[in-house]
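Number of protein chains: 2
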Amino acid sequence: MTKKTTPVSPDFLYQQIADRFEHLITSGVLKTGDKLPSVRALSDEQGISLSTAFRTYCELEAKGMIEARTKSGYYVSYRKRHLAPAPVESKPDADPARISVDDMIAQVYQHRSDEGITQLALATPALELLPQSKLNKALVEALRTHPASCLNYEEVQGNRLLRKQIARYAVSGGITVTENEVVTTHGCVDALTICLRAVTVPGDTVAIDSPTYFGIFSVLQGLGLKALQIPTHPVSGLDLDYLENSLNNVRIAACLFVPTFNNPTGSCMSDDRKQQLVNLLANHEVPLIEDDIYGELYFGKQRPRTCKSYDQSGLVMLCTSVSKTLAPGYRVGWCLPGRFLPNVLNQKRMTAVSSTTVTQLAVGLFFENGRFDLHMRNLRKALHTQCLQYSQAISAYFPADSKMTNPQGGYVLWLEMNQSVNAYDLFQTALRHKISIAPGPIFSTDGRFSNYFRMSFGRPFDGQIEEGLKKLGSLIQ
Amino acid sequence: MTKKTTPVSPDFLYQQIADRFEHLITSGVLKTGDKLPSVRALSDEQGISLSTAFRTYCELEAKGMIEARTKSGYYVSYRKRHLAPAPVESKPDADPARISVDDMIAQVYQHRSDEGITQLALATPALELLPQSKLNKALVEALRTHPASCLNYEEVQGNRLLRKQIARYAVSGGITVTENEVVTTHGCVDALTICLRAVTVPGDTVAIDSPTYFGIFSVLQGLGLKALQIPTHPVSGLDLDYLENSLNNVRIAACLFVPTFNNPTGSCMSDDRKQQLVNLLANHEVPLIEDDIYGELYFGKQRPRTCKSYDQSGLVMLCTSVSKTLAPGYRVGWCLPGRFLPNVLNQKRMTAVSSTTVTQLAVGLFFENGRFDLHMRNLRKALHTQCLQYSQAISAYFPADSKMTNPQGGYVLWLEMNQSVNAYDLFQTALRHKISIAPGPIFSTDGRFSNYFRMSFGRPFDGQIEEGLKKLGSLIQ
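Here the protein sequences come in this chain order: H and W.
Residues 1 to 477 (UniProt numbering) are what the first sequence spells out, left to right.
Residues 1 to 477 (UniProt numbering) are what the second sequence spells out, left to right.
Hints listed in this document are in silico derivations from the structure and should not be mistaken for laboratory results.
By construction, the Cβ of each residue, glycine as well, lies at the ideal position given by its N, Cα and C atoms.
Among the hints, a few may not be true.
[To be verified] Calculated pairs, DSBU-like style, for lysine-lysine (alpha carbon to alpha carbon, straight line, at most 35 Å): (1) H:K134 - W:K31; (2) H:K381 - H:K164; (3) W:K434 - W:K35; (4) H:K226 - H:K301; (5) W:K434 - W:K470; (6) H:K434 - H:K470; (7) H:K164 - W:K226; (8) W:K164 - H:K134; (9) W:K31 - W:K471; (10) H:K226 - W:K226; (11) W:K471 - H:K164; (12) H:K137 - W:K134; (13) W:K35 - W:K470; (14) W:K164 - H:K137.
[Stated by the list, open to error] Which residues of chain H face chain W? A partial, calculated answer using Cβ under 10 Å: (15) D102; (16) A148; (17) C150; (18) L151; (19) S172; (20) G215; (21) F217; (22) V353; (23) L374.
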């Protein structure tokens, strides 16, 4: 730790040093229990002020990497148990008489807002992470500045101010579009539905990730489409060889993938593999619906690129929303439908007429005044910290043979239990102890992943969460 | 006019007398040009105050029934040309190379908010008829009173306060339900879509009115459903014999009808015929999706009953929204899905997750504080007046062989031109003169009604509208 830092803006100095410590800790160079230099020693070593040194340790402490021991100093407290990535394949559920996936999902949702429940099931932001009062201001400003107080039908394509801002922000995902290439929707699932309608007819086959967000099965089912499940690796994402083989052997009308921070695995495809995917589909002339709803929630330095950013042929249709970043209740989403813009507009006109005016304009104003950037910096940091805190607690309390992902963004951990554990039984037992989790089988169409579950780290870590995870660990035992 | 009125509340006295005059005028007892008693004579005759007598004539004048001539008194000015109801059947479009219905609809919508257009195409309320500032207050109150400033996902079933109010208002349509039997949606078309999904699978056949709202075709198409068009009479509504015959010969999975103020014909089925329809479908165990979006917009004394009010078997699913009464841009609708509640909830959970929180709560509060009742009384009166004013102008300016409906509620007139008139050509010609109408072929799946068009009277009648109708009349000539 003797190498001096190069001069940088003092505001980011502590962050840079904390990052370096974090790397040393997670990579195992510094081990749990190791004593760290005193604040004064750190200050001297790094050539930084005492307050910057102190802030560095606070940052690491908040993330659960280190702990302060009274009158003794700082020690590494991170319990490294780098669990093996969960394998994709799992035995299909053998008992067809068991509860249906739809009923299971209904049960998970039923207890969504029950009092006293430790909510670990839903991939949504905790209220305290959202910019409540600033958004209220934007909404009132929307009422005030809109010529018709937002009572009128909005343009079918969406509020123009919002579309301009979406086009501006798309640059961070590597995309260059104008507002005329953006269509707003009633949330992300609505965007997926509209895009699917634009490029498929009932009876068509659509390739999807496995496992994937259960809502996607239902959308396909509702449109009379068949799902072809493509295995997805918990770290590298989609199995491209499997997909290529399928493209050569099955008529696939469209693909619907979550390449960045897949739900539930958290996997993020590398830039190279995203480009490969786009090229592969361009060669086969197959549209790619890219669900990018978690794309802005990266823990690293940079936003991962989107598949859309590699799109030369206009075949990629990016879909996302503000439900995971700003306001689930606003129901504001959008898509960038590439060459399918006329079809998408037609589908939206026919089925939704238009989206809610006032929430679209409020989000547009929130983007415009720069508050979105500021909010997202805080949200990403909070989620990263929570991810590490939850992971550590799971490492401490769960059986030694459980496995867990190590996501670099998003809201969820994907856990594999011993094969003898039935996740649906665990879900029901946990619910009796007032803990809600999302059982694995809801993430496949055919009852796979019966010993897996998804856990959200959307709520700030506290005593109740820790108790919940401890109890969950003992229930799994 | 010498019979004395029985004593009633003075506030409603003038209305009662005005109604009686209106009846005498529309039924032809009093003819255009007839002189009416002076205000003083009316006061004496009816035993009412001078101001009540004056108010009576003002009411009739506002509706275009009578006119004041300077220094001469009041005269009947209503130009009675009671046009024959438009027949249902029309020749199918012979030229398959013509523009598609979808493209036609897109063109109608394209000019929705163009500056300087005389907008007669869209069945929507003019902004000045909506309670803008009162709704703004309700929306700000929603933000203030909701524990999470409406940022959170709402319950899947919908905001509870709004559902309670919907259940309360359903009584006026003859329906007794609790809030647990209501599901809110993202507008009425969304409600129709969810209900269809709950009771059909792709490939099924759904019976619909002919003509009917074009959005219904697209919803069916998007869900992979087949449309069976049932003829609808412009006055009495659905042809029940035709329907019964179809039920005996075709497997119909569901019916989707607009029994009250059908769009575009404006027809309203009588109570008896609604009951017959419900019984017929109960005998065949076929669900009825009742689109009641215009049900609250009656011109008569009482709200027409709904089919849902006759439902004993739980097969009727009523769908509606506030888009025609309060705020199109809010996207707040709902359904009462009867026995299909679990399926409907499942469909909503899977595809929409939930509806916009803040607009749902704002509408709930607006209902709760009684402002909805007051607003609706004003809106109904305004629409009735506008309907009469538009009808009179059409009678004055359109060719003698054109026919027009005489709706008792809703937003639209349905006009049949001479067979030589092509409505799509008329639409294009009118657009060049900055007048927008809705050509007949967009209301059928197979290009029928090629010499019909629909005209909205949603905008208050003024000089621009009158000029537009005059021009339109001359273009038809």
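Outcome of the hint check:
1. H:K134 - W:K31: Distance of about 63 Å is beyond 35 Å: violated.
2. H:K381 - H:K164: Status holds; Cα separation ~27 Å.
3. W:K434 - W:K35: Measuring from Cα to Cα gives roughly 38 Å; hence the hint is violated.
4. H:K226 - H:K301: 38 Å, violated
5. W:K434 - W:K470: Status holds; Cα separation ~13 Å.
6. H:K434 - H:K470: 13 Å, holds
7. H:K164 - W:K226: 39 Å, violated
8. W:K164 - H:K134: This hinted pair holds, its Cα atoms lying about 30 Å apart.
9. W:K31 - W:K471: 27 Å, holds
10. H:K226 - W:K226: 19 Å, holds
11. W:K471 - H:K164: Between W:K471 and H:K164 the Cα gap is close to 39 Å, so the pair fails against 35 Å, i.e. violated.
12. H:K137 - W:K134: 19 Å, holds
13. W:K35 - W:K470: Holds, at about 27 Å.
14. W:K164 - H:K137: Roughly 29 Å separates the two Cα atoms, so the pair holds.
15. D102: 6 Å, holds
16. A148: Hint holds; H:A148 Cβ to chain W Cβ min 5 Å, cut 10 Å.
17. C150: 5 Å, holds
18. L151: 5 Å, holds
19. S172: 23 Å, violated
20. G215: Holds. Min distance 6 Å.
21. F217: 8 Å, holds
22. V353: Status holds, d = 6 Å.
23. L374: 17 Å, violated
The earlier numbered hints that this structure contradicts are 1, 3, 4, 7, 11, 19, 23.
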